[in-house]
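Asks: Sequence:
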Amino acid sequence: MLIDTHAHLDFKDFEKDLDETVRRATDAGVGIIVNPGTNVSSSRKAVAIAERFHCVYAAAGIHAHDVANYLEESIDAIADIAQHPKVVAIGECGLDFFRDYAPRGKQLEVFRDQIRLALRLKKPLVVHSRGAEEETLQVLTEEKAELVGGVLHCFGGSPDQALRAQKMGFAVGVGGTLTYSRSDRRDFVANVDIHSIVLETDAPFLPPQPHRGKRNEPAWLPLVAERLAETRSLPLDEVHRITSSTAEALFKIGRAGFWRASSSSTTDPVSR
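Per this note's numbering, the very first residue in the sequence shown carries number 1; after that it's consecutive.
It cannot be assumed that every hint is accurate.
[As the list claims (entries may be wrong)] Once the Cα atoms are required to be at most 30 Å apart in a straight line, the calculated DSSO-like pairs of lysine-lysine come out as:
no., residue 1, residue 2
1, LYS214, LYS167
2, LYS214, LYS144
3, LYS144, LYS16
4, LYS122, LYS167
5, LYS45, LYS16
6, LYS16, LYS106
7, LYS144, LYS12
These are calculated hints, taken from the structure and not from any lab test.
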């Protein structure tokens, strides 16, 4: 079984064929999908989707792109949403100094607020860091995020930074960019502890080869796993086992819990 640790099923891209998208994923061997929210509304939608599909879990958070209009009550709303039993993490939160859609000071403020919320709720973090890998690690260290750990989603940093993250209990998310012909991520994953890697699609973004230019979806996660196995010279089933075990441990989810929930349904094993 594969775990897609990062897919935005709540985005409008999936409105017309969400059921089919989830079915294709499970048919492809993707047994669990984690859907991170990007703001209060998105987080609520992620929970609604997680309630609908046994194989989907949610994270609740505010993305760096969405913090410009952040209000104090926003963190309270995220805290309320995060009480839901299928919310397994706080995020997507973090820093994006590449796009700079929001003032950096505000990004830092809201990121720290969400780390503190994760510590209070004892939930791991789903962290976005683009053009700000060093700053992200510094904030995580200062806020003692090692107490909850999490995932550095679509991580673009160095192997040394990945090692520092791993020592704080963070895995690094590897997705479709690994399959690109000119990808620098191959050298990265070749030099990172395989036990600190989790797989993700970031759907609907960053589709793997040969689907570039199309909407990405969780069913294409096996292509990422295949390239990781090739890059690390490991059997494919070993990549499945290691990356899924790492994700299960981080999010406190697993095959046993998933199948128990599924077996309770009298109709569709994917949706309620």
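Asks: Against each hint, give a clear statement of whether it holds in the structure.
Replies: For each hint, the structure was consulted:
This hinted pair does not check out: LYS214 and LYS167 have alpha carbons roughly 36 Å apart, beyond 30 Å. This hinted pair does not check out: LYS214 and LYS144 have alpha carbons roughly 39 Å apart, beyond 30 Å. Under the criterion of a C-alpha separation no larger than 30 Å, the hint pairing LYS144 with LYS16 is inconsistent with the structure, at around 41 Å. For the hint linking LYS122 to LYS167, the alpha-carbon distance of about 18 Å falls within 30 Å, and the restraint holds.
This hinted pair checks out: LYS45 and LYS16 have alpha carbons roughly 15 Å apart, not beyond 30 Å. Pair hint LYS16 plus LYS106 does not hold up; C-alpha atoms about 35 Å apart against a cutoff of 30 Å. A threshold of 30 Å between alpha carbons decides the hint, and for LYS144 with LYS12 the separation of about 35 Å lies outside it, so the pair is violated.
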